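Protein chains: 2
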Amino acid sequence: MANCLVAQSGGPTAVINASLAGVIRANQLNPVYDRVFGGLHGIEGTLEGKLYDLTDLPSRDIDVLKQTPSSALGTCRYKLKRGNDADYRRLVDIMDARDISTMFYIGGNDSMDTVDALASWAQEHAPSKRFIGIPKTVDNDLVPVDHCPGFPSAAKVACQIAHATYLDYAAYTRPEAFVLEVMGRDAGWLAASTCVTGDVDLLILPETSFNKDAFLAEVQKKFDQKGECYIVVSEGARYADGAYLSAGEAANDGFAHAVLGGAAATLKQMIIDAGIVPRGVVQDLSRAARSSNFSQSLVDVNEAYDLGLSAHMRSADPTFTGQVVGVRRNVAAAAEGRYDTEFFAGPASEFANFVKQFPAEWILPDYQGVTEEAIAYFRPLIEGEPKLIMDGGLPATLTPFNKR
Amino acid sequence: MANCLVAQSGGPTAVINASLAGVIRANQLNPVYDRVFGGLHGIEGTLEGKLYDLTDLPSRDIDVLKQTPSSALGTCRYKLKRGNDADYRRLVDIMDARDISTMFYIGGNDSMDTVDALASWAQEHAPSKRFIGIPKTVDNDLVPVDHCPGFPSAAKVACQIAHATYLDYAAYTRPEAFVLEVMGRDAGWLAASTCVTGDVDLLILPETSFNKDAFLAEVQKKFDQKGECYIVVSEGARYADGAYLSAGEAANDGFAHAVLGGAAATLKQMIIDAGIVPRGVVQDLSRAARSSNFSQSLVDVNEAYDLGLSAHMRSADPTFTGQVVGVRRNVAAAAEGRYDTEFFAGPASEFANFVKQFPAEWILPDYQGVTEEAIAYFRPLIEGEPKLIMDGGLPATLTPFNKR
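For the record, the sequence lines run as chains A and B. Everything in the first sequence is counted per the working numbering, starting at 1 for the first residue and increasing by one. Everything in the second sequence is counted per the working numbering, starting at 1 for the first residue and increasing by one.
Chain A on its own, in the form it takes in the complex (with noise of 0.2 angstroms):
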């Protein structure tokens, strides 16, 4: 029997762990590798040759990684370019140094492309070698499924905070607008999804082109009706243009994607300086909402558990290569009122690089927020809460093994 290797890559999520603890249990309850090495730091530690072992991980340690945030091998910004036969070449070596057969990586857009190109390489570089994907992204912008693992998660809390923000600020009188940012590159999801808790009265996102007198319009009219304005914004946020809201510089990371932030602080500047109200409040939720320890949803720590589990349980099937896992909601379930899924497999090159907006139909129009089908699409995803193993009042958490 061979090996087998799991990474993970991107930004950390509350559930990528999950989706890590499903690969490493599914190996214990049907050992098809002799060893479930985990590679640090994505494909950047992998190849310098930086592995964990797993395999024995213990039953009570698999329970607290399920509930642990962030990426507990690390993860990173290096991208596996296609035509870099070297480093293509290079993982191949490692991977036959430890007799490894199988790589299964767990990533958004950009790992899924490389799960692709690793993919189409090895069948003719390096047969024997296959690569599988396991989707995660906060962003739920992945083309093929209902939803990403991670986003659930992370559009509870923006529900939470976003309530709790609501009812700090609506505990005043004063004339004052609240901006809430919410992460969200080119896609809206997660500040759509803050449409659940009835608490926003504009919602800002990268899929409608921004207009500052058609904006300030309706800030001046929820001021008029009701002396309150709470306002959503995605960090994504952006001009018929393409210049972004975000007042600060656009900085570049390693994926050349423009590095954002500020877009809330230029929306409240823009309403004082209207004259609208003289002062705004902005809670940037950032990376708190990402990868949090204490809001996991309970359909996506399992869905995630479950698509670990399924992408090592489909990989006993050897031509199983060049595919990612994901899942659908069940159409003939959800038009009877239930939340029901099936998992599926499909080939990595329709997750990759491309990025599902939200529905312009969900979208209602002047910044009124998201349509009724939108709140039922968002609704069972938030549903349900782990039971958590807790430790001095805090939520227990492994310790990374990218710092062991």
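I should point out that these hints are in silico values taken from the structure, not numbers from a laboratory. Quantities reported herein were computed from a predicted structural model and do not represent experimental measurements. Just so you know, not all the hints are guaranteed correct.
For identical chains, the list gives no copy identity; a pair is met inside one copy or between any two copies.
What the hints assert, rightly or not - Here are the simulated PhoX-like pairs of lysine-lysine, each with C-alpha atoms no more than 20 angstroms apart in a straight line: (1) K221 with K403; (2) K403 with K222; (3) K403 with K50; (4) K212 with K222; (5) K356 with K403; (6) K387 with K221; (7) K212 with K50; (8) K81 with K226; (9) K50 with K226; (10) K226 with K403.
Following the hints, put chain B in place on chain A, whose structure we already have.
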């Protein structure tokens, strides 16, 4: 029998409504007062006669009120100035009109000063009127108590988000600093509490004059030693000359306190400009910590509720006025490593207008965090979680009375 009035003032907390619930419930258990009126928006709405009858709030609503963050009666920043006889007379007139003998005021230092001023004034001009304080403040800076209701829950949130964002930060290999900004204008209790997580490399408190060179030297050391540096800064951190670190302009609120924000961004830029690392991440907890609906401390919610009960029960004594109820740690129990408390009442003047800073002897030199004594003080406060009543995946909350 006469009636009573209860109002809330100052910044909301996660448990200020638990104290309100305690007052309402106490009167259902022993109807010392015919009616329990809630004054909307503290003194401000009360002076306008905006009262809400809370006497018969259903048991289920009382349970939900206990877990509802922010101030369900609304709050204010309006301060009754000593010598403002017109306002005092007006308040007494409003109390007379509703046959109200006793006012319970839930608030921080300034509100306890209001209780003291009103009680003193009433002694001469309206001897039948009584004013009783119930403390709250996430800043934890009231003098005669061991800790203030609201602080333990805020500390629990701060610790949870600190640990989660540390794990997020620790997943990366790239050289960058992380700076978490926490509320705390004049006292660093909340920032210091995050040291419970064991994740904090450097801690910047208002109690210690900030020295840029010394700080940067410590940042450099951490990167040299461990390749990372997780920093927590209190919003009120300042230089020796009293100037705040916060980059933003200092506006003034009604209480002549500077409005702060931006200390973390200042530190991040400082580190980048010094060439220590090329990047930094800022997370500002801001209002997400002070009145959360997802992370009450069980100790906190119970104590806040019990203080509401205690204030009402003690008010059965007709001479009880100008007093504030509070919690002291049981010294004998603490010596045995157990957490227990004693409830007491003391003159409002002792609670008002003093700031209890974080003890100098608990601060380690060179921004290295806090002593074991400090950790032993914090630990029991964040223990335990109430069993929340959930509604569609979010903690159920009561519609604020000021929004009905």
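Each hint, compared with the structure:
| no. | hint | in the structure |
| --- | --- | --- |
| 1 | K221 with K403 | between (52 angstroms within a copy, 18 angstroms between copies) |
| 2 | K403 with K222 | between (49 angstroms within a copy, 15 angstroms between copies) |
| 3 | K403 with K50 | within (12 angstroms within a copy, 57 angstroms between copies) |
| 4 | K212 with K222 | within (15 angstroms within a copy, 44 angstroms between copies) |
| 5 | K356 with K403 | neither (34 angstroms within a copy, 38 angstroms between copies) |
| 6 | K387 with K221 | neither (43 angstroms within a copy, 40 angstroms between copies) |
| 7 | K212 with K50 | neither (50 angstroms within a copy, 37 angstroms between copies) |
| 8 | K81 with K226 | neither (53 angstroms within a copy, 30 angstroms between copies) |
| 9 | K50 with K226 | between (58 angstroms within a copy, 18 angstroms between copies) |
| 10 | K226 with K403 | between (51 angstroms within a copy, 10 angstroms between copies) |
Against the hints set out earlier in the document, violations occur for numbers 5, 6, 7, 8.
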